[in-house]
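S.K.: Using the hints provided, position chain B relative to the given structure of chain A.
2 protein chains.
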Amino acid sequence: MRLPEELIDYIDRNFCPSKKEWKLIMDKSEEIRRSIFFLLRNEYNIVEEDLVLLGSVPRMTYLKDDYDVDLFIRLEKDIDIKLFIEFLISEISKDPNYKIRIRYADHPYIEMYVRDLKFNIVPSYKTSYPNWLSPMDRSYFHHLYLVDKGINELYKEVVRLKAFLKASGVYGAEVYVGGFSGYLVELLILKYGSMEEAIYNISKWSTPTIIDLEGHYPNSNLIFEVFGYNIPLIVVDPVDKGRNVAASVKRKNFSKIISAAKYFISNPTIKFFKESPYLSGSKSLYYKYKDMIKPDLPILIIYMEHGEKIEDIHYSQLERVSRKLKNVVEKEGFKIFKMGVYSDYISRSAIFLLFSELEKAKYEKVRGPYPYMSSEEKFLSKNSFRIKWIDEDGRWYTLKESRYLKADELIKHIIDNRLIRIPSEIYDKYSVIVMNESQELFLNNSLLSKWLINFVVGDEFWALPHLLT
Amino acid sequence: MRLPEELIDYIDRNFCPSKKEWKLIMDKSEEIRRSIFFLLRNEYNIVEEDLVLLGSVPRMTYLKDDYDVDLFIRLEKDIDIKLFIEFLISEISKDPNYKIRIRYADHPYIEMYVRDLKFNIVPSYKTSYPNWLSPMDRSYFHHLYLVDKGINELYKEVVRLKAFLKASGVYGAEVYVGGFSGYLVELLILKYGSMEEAIYNISKWSTPTIIDLEGHYPNSNLIFEVFGYNIPLIVVDPVDKGRNVAASVKRKNFSKIISAAKYFISNPTIKFFKESPYLSGSKSLYYKYKDMIKPDLPILIIYMEHGEKIEDIHYSQLERVSRKLKNVVEKEGFKIFKMGVYSDYISRSAIFLLFSELEKAKYEKVRGPYPYMSSEEKFLSKNSFRIKWIDEDGRWYTLKESRYLKADELIKHIIDNRLIRIPSEIYDKYSVIVMNESQELFLNNSLLSKWLINFVVGDEFWALPHLLT
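Chains as they are written, first to last, in this note's numbering: chain A, 517 to 985; chain B, 517 to 985.
Some clues are possibly wrong.
From chain B, some residues computed to sit far from chain A (all C-beta separations above 10 angstroms) [said to hold, decoys possible]: (1) N558; (2) V573; (3) P574; (4) K757; (5) A763; (6) D860; (7) L935.
Straight line, CA to CA, 20 angstroms or less: simulated EDC-like cross-link-like pairs of lysine to aspartate or glutamate [what the hints assert, rightly or not]: (8) A:K851 to B:E846; (9) A:K881 to B:E976; (10) B:K922 to A:E873; (11) A:K878 to B:D812; (12) B:K847 to A:E873; (13) B:K634 to B:D584; (14) A:K539 to A:D581; (15) A:K842 to B:E880; (16) A:K851 to B:E917; (17) A:K768 to B:D909; (18) A:K642 to A:D622; (19) A:K916 to B:E873; (20) A:K881 to B:E875; (21) A:K768 to B:E908; (22) A:K854 to B:E908; (23) A:K766 to B:E908; (24) B:K851 to A:E846; (25) A:K851 to B:D909; (26) A:K854 to B:D909; (27) B:K916 to A:D812; (28) B:K810 to A:E917; (29) B:K847 to B:E880; (30) B:K842 to A:E908; (31) B:K634 to B:E547; (32) A:K544 to A:D632; (33) A:K916 to B:D812; (34) B:K878 to A:E875; (35) A:K766 to B:D907; (36) A:K840 to B:D907; (37) A:K916 to A:E880; (38) B:K787 to B:E976.
It is worth saying that the hints were derived from the structure and are not from the lab.
Bear in mind that the values here come from a model prediction, so they are computed numbers and not experimental data.
We put the CB at the ideal spot given by N, CA and C, even for glycine.
For reference, chain A alone in the conformation it holds in the complex (with noise of 0.2 angstroms):
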């Protein structure tokens, strides 16, 4: 395969950070960096090697408008790590420029903002290849790896590859993406040699796929021993052989790939780089995607208002709790064909729901007992007036009248009498809508709107016959 150079050009222009950009960057990296070991120096017995610029920004295989900065500590092993962010959160708070949040991952770190630059402060311990204490320590060996194989010399095809795995959703290893890393992507540039060549091996991938870049295996039978055998994709970590760097990648997320690319190898036009195009909200994207957003396609909202929100934990939450709904849902007869989560972690998120239909059979059948049991009393007197049958098996069965005729009755039900557990931190509101009973509300609402297009039209944009053309 040989792309044509206009897409070329156009990716490049798009998603590759020129060096003068890149230089920008660092510098202002190199300076908060030493910032913060000046703020470190006195309490912390330290050296400034030991505060190292590590990621995809040092590398330059960042996307131009979408990348942060990590700063990792390298501690003693005797530093309590607690106490450590403790003074350096301290310290920072008297600038009033930087302005911070804590995150956990394996241990807390600092997400930091300043002007336009997100920066995380990772403490980790200074060990020795591969004697990391915790996952936060193997960061720094990454980084050596894919230098040392020349990740530098394929910047740009790692930037090509993430922007073609952005604009199909699949981008970021977050909770809510459960897509693909940088560091994976770094990976598969180093297996694949350029993005043209990742895309069209891609298209070839099928369950189970595996990539074992330095041979820690010496057959396949034996990875899936180690990590599993039902995981679509396994890419062995080259810096820990019991890592599978593809974890995070969701069965639905490697599907999706996979039919991105063989779109892609069919007909590789930059609409695979425009991210999620129909996304925007607009009034207009609206009424391109009428067609298919019927008003008659039984959709449900759960619509909520909160505070602002930590990404990961808060969808996490969100995808909790509606697939505890869904269970009591369809044990009380309703069926639900398709369920998605949205937030914009701010101040609004929403579950929705497409069923079967939102309105239910009046009648349900129930099975009673034989007669020979000795529950046969009760059942019929607690059915007296309702209509009972012997059916062929031999068992008695009456009609009750349905409990919740309609699905948005029976989800405030659920929510109001908290049938199943939700957590307080959920939402401060919320409200159910009825998709039919509120285009308006979506014309008016661009961020509903916008999530329900990509609801209802998915991002499987290469799917769509009118975007393509």
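M.R.: Below, chain B without anything else, positioned relative to chain A:
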């Protein structure tokens, strides 16, 4: 248990033939027996003793208003039954008083109507116990056995029990009843001694129940091995140890009679002997059940018009057709809660179907391939303008508009396009009636109204509180 005298009086008055009535029937039967003998005498080398009246009439164990007379002809083994029947028919046809039709059980026999009497003229072979050639030959020994065991002394108990079973809708071994044969009832009286004791014992039955009057088997394990393990009621034929006299009793009716017996024991009233009290089909009864026969009950009726039918054949065909129909309709996504077939066997039949809903959800979820399957392209192009997405399991899914949204349209389509095999003789004309649209129809059609009430309320009348008060 001691039954109230008025109750016994009521039953006997309504169901037991008086000696006088019995004498009259026997005289008439005897007259016919002799005239048949004279028809045969010259052509067949036969003696008068070879024509025997069997069944409940000579034993006086028949229900006053519900009996046939069985005339068995015991032939020499070298006589061809088919030729014999042909000869007999040609002879009988000469007498304009005799109206006949040919029926088939194990071999052909003649049903003959003489004024108000129904005669079954059954050819059989003169065999000795237990070396009969056909089941017909065995009937003679059934008769001898019952008489030998003193059934004549107990004739009132037999009649009483038959009346109880009949009112509960489980009397008769015909396919369209699936209940207790007359012979079986007589055996139950021999076993339990009286109607009271029989009902009391039935109320204690559970599955499996085994009755082996003559102790043909040393233990029940052996009985299960011979008759099978999943049979609710096994009554070993005293004169044929390999035969289950209760083979005709459907599981449904086994359950039904236990339930009725339990209710009767706790409240022995004449209700249990008034045959299907709500089956008159009158308007007043319709209104009486109006609270149960709600107009919103999703009932659909396939109403058929036709010529005269033979009961068991027509019933079996109706049942088979309705079962096949149910399968196809449920495969299309509808749910049928209850099904019933009815016929007057003269000109009209109907299949009643109680649905969960008469209208289906507008959309169906259709599962597609995994993207790494070669069928992806076909699936996506086939569904190009439909909503589609890759679900959690990594497969493509789409929503398809359901073809038949209405149950009545689907059924018409199935019948008109012969999507199930429908015997051509089953109807001349059919229509599909949706219950809620046609309340008027039921009010003005007493037969349909009767069937409707029976279908909805069932003949488990003992479980209807307002009928027991």
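S.K.: All hints are to be evaluated individually against the structure, with a verdict given for each.
M.R.: Hints versus structure:
no.: 1; hint: N558; in the structure: holds (52 angstroms)
no.: 2; hint: V573; in the structure: holds (32 angstroms)
no.: 3; hint: P574; in the structure: holds (35 angstroms)
no.: 4; hint: K757; in the structure: holds (26 angstroms)
no.: 5; hint: A763; in the structure: holds (16 angstroms)
no.: 6; hint: D860; in the structure: holds (22 angstroms)
no.: 7; hint: L935; in the structure: holds (24 angstroms)
no.: 8; hint: A:K851 to B:E846; in the structure: holds (16 angstroms)
no.: 9; hint: A:K881 to B:E976; in the structure: holds (17 angstroms)
no.: 10; hint: B:K922 to A:E873; in the structure: holds (15 angstroms)
no.: 11; hint: A:K878 to B:D812; in the structure: holds (9 angstroms)
no.: 12; hint: B:K847 to A:E873; in the structure: holds (18 angstroms)
no.: 13; hint: B:K634 to B:D584; in the structure: holds (5 angstroms)
no.: 14; hint: A:K539 to A:D581; in the structure: holds (15 angstroms)
no.: 15; hint: A:K842 to B:E880; in the structure: holds (18 angstroms)
no.: 16; hint: A:K851 to B:E917; in the structure: holds (16 angstroms)
no.: 17; hint: A:K768 to B:D909; in the structure: holds (6 angstroms)
no.: 18; hint: A:K642 to A:D622; in the structure: holds (16 angstroms)
no.: 19; hint: A:K916 to B:E873; in the structure: holds (14 angstroms)
no.: 20; hint: A:K881 to B:E875; in the structure: holds (17 angstroms)
no.: 21; hint: A:K768 to B:E908; in the structure: holds (5 angstroms)
no.: 22; hint: A:K854 to B:E908; in the structure: holds (10 angstroms)
no.: 23; hint: A:K766 to B:E908; in the structure: holds (8 angstroms)
no.: 24; hint: B:K851 to A:E846; in the structure: holds (16 angstroms)
no.: 25; hint: A:K851 to B:D909; in the structure: holds (17 angstroms)
no.: 26; hint: A:K854 to B:D909; in the structure: holds (12 angstroms)
no.: 27; hint: B:K916 to A:D812; in the structure: holds (13 angstroms)
no.: 28; hint: B:K810 to A:E917; in the structure: holds (12 angstroms)
no.: 29; hint: B:K847 to B:E880; in the structure: holds (12 angstroms)
no.: 30; hint: B:K842 to A:E908; in the structure: holds (14 angstroms)
no.: 31; hint: B:K634 to B:E547; in the structure: holds (14 angstroms)
no.: 32; hint: A:K544 to A:D632; in the structure: holds (11 angstroms)
no.: 33; hint: A:K916 to B:D812; in the structure: holds (13 angstroms)
no.: 34; hint: B:K878 to A:E875; in the structure: holds (12 angstroms)
no.: 35; hint: A:K766 to B:D907; in the structure: holds (10 angstroms)
no.: 36; hint: A:K840 to B:D907; in the structure: holds (18 angstroms)
no.: 37; hint: A:K916 to A:E880; in the structure: holds (5 angstroms)
no.: 38; hint: B:K787 to B:E976; in the structure: holds (12 angstroms)
In terms of the numbered hints stated before, the structure departs from none.
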